[in-house]
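2 protein chains.
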Amino acid sequence: MIAKIEMQLNCDTVNYRNSSNLQGVIMENIDTGYADFLHQQGLNPYSQYVHKKEGKTYWCICTLDNESYEQIITRFMNSKFDGFAIKNNSEIIKIVKKSLVTRDESELMNQFYNESGQKYYDVEFITPTSFKSNGKYMIYPDLGMIYRSLMKKYSIVSEQNMYDEDTLEQLVNYSNITRYRLQSTLFPLEGVVIPSFKGNISVRIHGSDTMSRYARLLLSFGEYSGVGIKSSIGMGAIKLGRMEG
Amino acid sequence: MIAKIEMQLNCDTVNYRNSSNLQGVIMENIDTGYADFLHQQGLNPYSQYVHKKEGKTYWCICTLDNESYEQIITRFMNSKFDGFAIKNNSEIIKIVKKSLVTRDESELMNQFYNESGQKYYDVEFITPTSFKSNGKYMIYPDLGMIYRSLMKKYSIVSEQNMYDEDTLEQLVNYSNITRYRLQSTLFPLEGVVIPSFKGNISVRIHGSDTMSRYARLLLSFGEYSGVGIKSSIGMGAIKLGRMEG
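Top to bottom, those sequences are chains D and Y.
This note's numbering numbers the first residue of the first sequence as 1 and each following residue consecutively.
This note's numbering numbers the first residue of the second sequence as 1001 and each following residue consecutively.
Just so you know, the hints here were simulated from the structure itself, not pulled from any lab data.
Keep in mind that the hints are not guaranteed to be accurate.
Claimed, not checked - Calculated pairs, DSS-like style, for lysine-lysine (alpha carbon to alpha carbon, straight line, at most 30 Å): (1) Y:K1136 to D:K136; (2) Y:K1239 to D:K136; (3) Y:K1119 to D:K132; (4) Y:K1132 to D:K132; (5) D:K136 to Y:K1132; (6) Y:K1132 to D:K119; (7) Y:K1239 to Y:K1087; (8) D:K132 to Y:K1136; (9) D:K119 to Y:K1136; (10) D:K136 to Y:K1119; (11) Y:K1136 to D:K239.
To be verified - So these bits of chain D aren't anywhere near chain Y, every CB distance computed over 12 Å: (12) Q8; (13) I26; (14) Y34; (15) K53; (16) K87; (17) I95; (18) F112; (19) L168; (20) Y174; (21) E190; (22) V192.
Given the structure is predicted, the values throughout are model-derived calculations rather than measurements.
In this text, a Cβ means the ideal position worked out from N, Cα and C, and glycines have one as well.
Throw the hints in and build the complete structure from the sequences for me.
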């Protein structure tokens, strides 16, 4: 099961710039043993980010498997969890509203098998997004890196390894970015900044319908996993937008 | 000599979308023989574009050598030229104000020899810009394509061929885009549209000072020549912005 809890906060001082502190709030509220387990993972089975919608601030935590759901989301869904403070700030941030979405992995697969693919997928990078390649940060969206990252993250929840070079190559060959509105930005982290980008792209799939369904599967999953580096501290949150037929 | 005439228009229906019609206005106002000569050129010794500044509309024509200055700019500087109509529109567009800037090529070279280079150059793509590579339009700024285009255009005014693969490679290796705000756009041309982009980039030069001076030379020249394809019909106008020391 994959899940997303969205918590509306009564506070507008929390935003992507201090969202790395929210990882601390998660760690404080889960079992120490599970927190230790998470610290040892290369790819985390959860992601979290802060975003604004119609002037309101929301903190989202997504979990990618059953264990992380039990260990993380159930703690935050508990009615006793109604506020928190972040590091170096005594102010208590209240939670005004909580909503939870859960999806079985099979739902994504059902969509893959039963719903035709679209020609275009619009992707919004809601929080600063970055990839690392040869020790350098990539501040442009690159479809190869996006698909690779999503395949690797999907492997966490899937029975099998979803990362496959040939499929990746085909996806890249049959996709291109036809429209975009993007800007570089910086994500602050412990005194340094990570070069990144945010904005919108429109991806055109000109391969087979199967190719388009697979792209949709990865991008839909990406709404939970995030894309690229440091999605556990607030980077790389994406939203799949309006899709044209 | 390179030159730029900026004409303020009393009209806000002229913009980059119909700037290709302004090429017609140029052709109507110059000698037929020279117009024929221009039609045979691969790279034109002039560029033109429309832009807005503080709510006012300006039409700029730039010439890159003495002949094009005599044949084009002197016609437009003539006080008799005080308005024009564009194709399929009977409305007479009045010219409210004209200003002329001329620069000797040696001025650019003097700056190259006598002024230290900067670490950053901010470039604004004021009108839709595009490059063509392997039959495809490139809708991202690519430093290799930008420098190559400017070298080729500079060769029109220079005594020697400024296009040199090794220098180009070095320029590309020692430059990178560190910040940007860009969006894809479409430039309309005779019923079709050309995929393109506009916005701002900041280029960091991390090579030698000579490298930085050379990048500045090319980019400064680019304010007159434009960059990329179809700068004679309004595409690829650039502005070199604030430069950090």
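Against the structure, the hints come out as follows:
1. The hinted pair formed by K1136 (chain Y) and K136 (chain D) meets the criterion: a straight-line CA distance of about 28 Å does not exceed 30 Å.
2. Distance hint between K1239 (chain Y) and K136 (chain D) is fulfilled; the C-alpha atoms sit about 29 Å from each other, no more than 30 Å.
3. Using a Cα cut-off of 30 Å, the hinted pair K1119 (chain Y) and K132 (chain D) holds, with the two alpha carbons roughly 24 Å apart.
4. Distance check on the hinted pair: K1132 (chain Y) and K132 (chain D) sit about 29 Å apart at the alpha-carbon level, within 30 Å; holds.
5. Of the supplied pair hints, the one linking K136 (chain D) and K1132 (chain Y) holds, its CA atoms being roughly 28 Å apart against a limit of 30 Å.
6. Among the hinted pairs, K1132 (chain Y) with K119 (chain D) is consistent with the structure: their alpha-carbon atoms are about 24 Å apart, no more than 30 Å.
7. Distance check on the hinted pair: K1239 (chain Y) and K1087 (chain Y) sit about 28 Å apart at the alpha-carbon level, within 30 Å; holds.
8. Of the supplied pair hints, the one linking K132 (chain D) and K1136 (chain Y) holds, its CA atoms being roughly 28 Å apart against a limit of 30 Å.
9. Only pairs whose Cα atoms come within 30 Å are accepted, and K119 (chain D) paired with K1136 (chain Y) is accepted, the gap being roughly 20 Å.
10. The straight-line distance between the Cα atoms of K136 (chain D) and K1119 (chain Y) is roughly 20 Å, inside the 30 Å bound, and the hint therefore holds.
11. Taken as a hint, the K1136 (chain Y) and K239 (chain D) pair is honoured in the structure, with Cα atoms around 29 Å apart against an allowance of 30 Å.
12. Listed as a non-interface residue, Q8 (chain D) keeps its Cβ farther than 12 Å from every Cβ of chain Y; the least gap is roughly 30 Å.
13. Non-interface status of I26 (chain D) relative to chain Y is upheld: no Cβ of that chain comes within 12 Å, the nearest being about 32 Å off.
14. Distance check on Y34 (chain D): its Cβ is at least 39 Å (rounded) from any Cβ of chain Y, clearing the 12 Å threshold; non-interface status holds.
15. No Cβ of chain Y comes within 12 Å of the Cβ of K53 (chain D); the nearest lies about 22 Å off, and the non-interface call holds.
16. A cut-off of 12 Å between C-beta atoms confirms that K87 (chain D) is not in contact with chain Y; the least separation is 29 Å.
17. With a closest Cβ-Cβ approach of about 34 Å to chain Y, I95 (chain D) is found to remain outside the 12 Å limit, as its non-interface label requires.
18. Every Cβ of chain Y is farther than 12 Å from the Cβ of F112 (chain D); the closest lies at roughly 29 Å, confirming the non-interface assignment.
19. Distance check on L168 (chain D): its Cβ is at least 21 Å (rounded) from any Cβ of chain Y, clearing the 12 Å threshold; non-interface status holds.
20. A cut-off of 12 Å between C-beta atoms confirms that Y174 (chain D) is not in contact with chain Y; the least separation is 15 Å.
21. With a minimum CB-CB distance of about 21 Å to chain Y, E190 (chain D) clears the 12 Å threshold, and the non-interface call stands.
22. For V192 (chain D), the shortest C-beta to C-beta distance to chain Y comes to about 15 Å, beyond the 12 Å cut-off, and the non-interface label holds.
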